[in-house]
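Number of protein chains: 2
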Amino acid sequence: MHQPYGMRIVGISAYAPPTIVTNDEIARRLHAERDKVERHRQAIGAPAMTDDEQAAFDTNDRWIRRYIGFSERRFSGPNEGSIDLALRASQRLLTGLHRSPRDIDGIVFASVTPSFRHSPPDAALLQEALGIPTWVDGRPREILGLDVALACCSWMAGLQTAYRHLADAERILLIGADRMSATINWRDRSFACVLGDAGTATLCERVDPADDWFGDNRFFGWIDGSKAMVIHTPVGGSRRPDLAPSDMESYRHCLTMDGRQVREDMVPFVSGPAMDAMLAKAGLALDQLDLQVWHEANLVMNREVERRLRERGFRGTTLDAGGRFGNTTSASIPLALALNGVELKPGRTVALVGYGGGYSYRSAIATIRHPISTFVDM
Amino acid sequence: MHQPYGMRIVGISAYAPPTIVTNDEIARRLHAERDKVERHRQAIGAPAMTDDEQAAFDTNDRWIRRYIGFSERRFSGPNEGSIDLALRASQRLLTGLHRSPRDIDGIVFASVTPSFRHSPPDAALLQEALGIPTWVDGRPREILGLDVALACCSWMAGLQTAYRHLADAERILLIGADRMSATINWRDRSFACVLGDAGTATLCERVDPADDWFGDNRFFGWIDGSKAMVIHTPVGGSRRPDLAPSDMESYRHCLTMDGRQVREDMVPFVSGPAMDAMLAKAGLALDQLDLQVWHEANLVMNREVERRLRERGFRGTTLDAGGRFGNTTSASIPLALALNGVELKPGRTVALVGYGGGYSYRSAIATIRHPISTFVDM
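Residue numbers (the working numbering), protein chains in the order written: chain A, 1 to 378; chain B, 1 to 378.
Chain A with its partners taken away, still in its complex shape (with noise of 0.2 Å):
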């Protein structure tokens, strides 16, 4: 078992859309939100909301600052959907890498809110945006396309998947890309608080087996469905299609998370048994290294991650998007590396960390063999 090729990032590219979200405008809309329930609730006669009831659409910039360690986000516009967001960030890594659209041959696009339901897929979509030709002298040319998903392990996943492509595809454009505003629950703070948008884009391309940044033992991955409920969204999927109008006026067709089960559970197993399963496989020891970067579900859960860590040995340094962009979810690891490119020099060690809703857990730890670039639109 030996990959005969290996992946090298040539360049990473960060997009966020400019509608800029501070803490007190999520504040304010939660309690609109709260304001139209209690006027429903008076119009029909039902009784006021218990405090229970009320706590749901309560929050302050200094609690998610204090908690969740988020500052701002950005939302996108009408009609910017997932697509868009990795349109922009697509082509400034092409500008800025000074490549063609012709050079790409492989598409993989992780996102968990494709643009379209079921049909057409965003890689087909971005194919078409950046004008990556399908046809050479005649003949169909191949492109590798797919979209995948794994909640907020999908990045992680696909650059998974990105890995093993190499074999059929020299360079293939890795998109993380969201927008987590359109899946956003007004009636439950848990969600609101956190989540944003944004588009990324990262060139992976074949090099020899010795220049490769990863391995067969750089990948670890684990599902555990017994606690898929923790993170997951009510209706509108085949298990139950029907979205009723009461259904979208409650938001139940948007994400609900219980935040204190999905802290108890995934801060001791990612900062112990996840962590040494993943250093393990790599023959490698926490003090070994440099750089690591958790996917950004809560700047102040990841921080009590990096302090066990640090107890246990790391003496590295942790890359994050500084709480000023929210949970971007398929984003969240490729805009921190984006934002903080000076770091990601040749020799270093970095490990990548996906954990969240599934529960799911993806990691992978990279070798930087190579200068890498990166860029921001935002």
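For the record, the hints were derived by calculation from the structure and aren't laboratory data. All residues carry an ideal CB built from backbone N, CA and C; glycine is no exception. Please note: incorrect hints may appear among the correct ones.
Stated by the list, open to error - Across the chosen pairs, the derived CB separations fall in these ranges:
1) B/Ser226 x A/Asp52: 49 to 55 Å
2) B/Met49 x A/His98: 33 to 39 Å
3) A/Arg171 x B/Pro245: 44 to 50 Å
4) A/Val300 x B/Ala55: 55 to 61 Å
5) B/Met49 x A/Ser226: 25 to 31 Å
Stated by the list, open to error - Covered stretches of chain B (chain A as the covering partner; in silico rule of three or more C-beta atoms under 8 Å from a C-beta of chain A):
6) 62-75
7) 104-113
8) 134-146
9) 214-224
10) 270-279
Following the hints, position chain B against chain A.
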């Protein structure tokens, strides 16, 4: 470039829910919907439908049999989503093969109708439902989970993904499952006549390179987003996330298709340049294919494709589901394989071809090198 291991398909299982829906029933439901729209128009004083508008609701058994080749299809029961279809197929497969859930260390779940939007992923749900162990000897057990989609090519894309991910997992359960009935626009006969529900499970196992059924040159992929809107779902994705009640009532969250355009574009493409490109890459001629299986979007269209290929030298057998299950999207190819298990004899070479939404095209050529077990539960 040479993959250091091969893939064998150990078994394929297909499940279709018990509710059979005939062409007559489809015609009646479309007519009932037409009457509903007419009554609504009368109620609001709108003009009656034109003949053209009426035609969108008009079909009958003879027309469907003649132009699509389908006689019936199956529909899921309430709350029976893709995960439930997949679970039935997976259980039948493992029982039939005398394999245990602990033999599985990877799940690739291909579907355009995920059980839940955003989260949890179907791969995690299936891990839990099957009881695939997540811990061993006090350590997290590595399990590769991934949901993939590429419209009508989702299963073909999943097959290639499984092939490549055998570097990470020894036995991958490849799912193709779709509850397409939940995506039907009952005001548009184009898809209402064709869609059906089914779940399939395929056990993909790592073998020595000499025993490989496939090979680096046995897959071909293509995407072309220039015709993306020929098969699409207007609202509900991140491009247009807001589902107004009027959108729901007019089924704008469901699939729409320009069937004539698909036929005009796809029949010449898949029987001509796409077939040539696939064969050239594999170094094979048409007369070397013993079997072929096409995504069963429309059996009349597939027979036209077959006719053209026979003119060009194809002398093998075409396997299909005989129009008894409709277009089951991610399930169609493995369903046809499971129904025709007797044909899957060692030594035979079989072409598998998906085409459709995106546009997307994916093909693979397998040379069967081991006995294969097939199971049907319907």
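Tested hints:
Hint check: B/Ser226 to A/Asp52, Cβ distance near 53 Å, so the stated range 49 to 55 Å holds. Restraint check, B/Met49 to A/His98: a C-beta distance of roughly 56 Å breaks the suggested window 33 to 39 Å. A hinted range of 44 to 50 Å for the beta carbons of A/Arg171 and B/Pro245 is consistent with their spacing of about 45 Å. The hint said 55 to 61 Å for the Cβ distance between A/Val300 and B/Ala55, and at roughly 59 Å that hint holds.
Checked against the given bound of 25 to 31 Å, the beta carbons of B/Met49 and A/Ser226, roughly 52 Å apart, lie outside it. Counting residues of the stretch 62-75 of chain B whose C-beta lies closer than 8 Å to any C-beta of chain A gives 0; at least three are required, and the coverage claim is violated. Only when three residues or more bring their CB closer than 8 Å to a CB of chain A does the claim for the stretch 104-113 of chain B stand; here the count is 4, and the claim holds. Residues of the stretch 134-146 of chain B with a Cβ under 8 Å from some Cβ of chain A number 10, which satisfies the need for three, so the listed coverage holds.
Only when three residues or more bring their CB closer than 8 Å to a CB of chain A does the claim for the stretch 214-224 of chain B stand; here the count is 7, and the claim holds. By the rule of at least three residues with a Cβ nearer than 8 Å to a Cβ of chain A, the coverage given for the stretch 270-279 of chain B holds, with 4 such residues.
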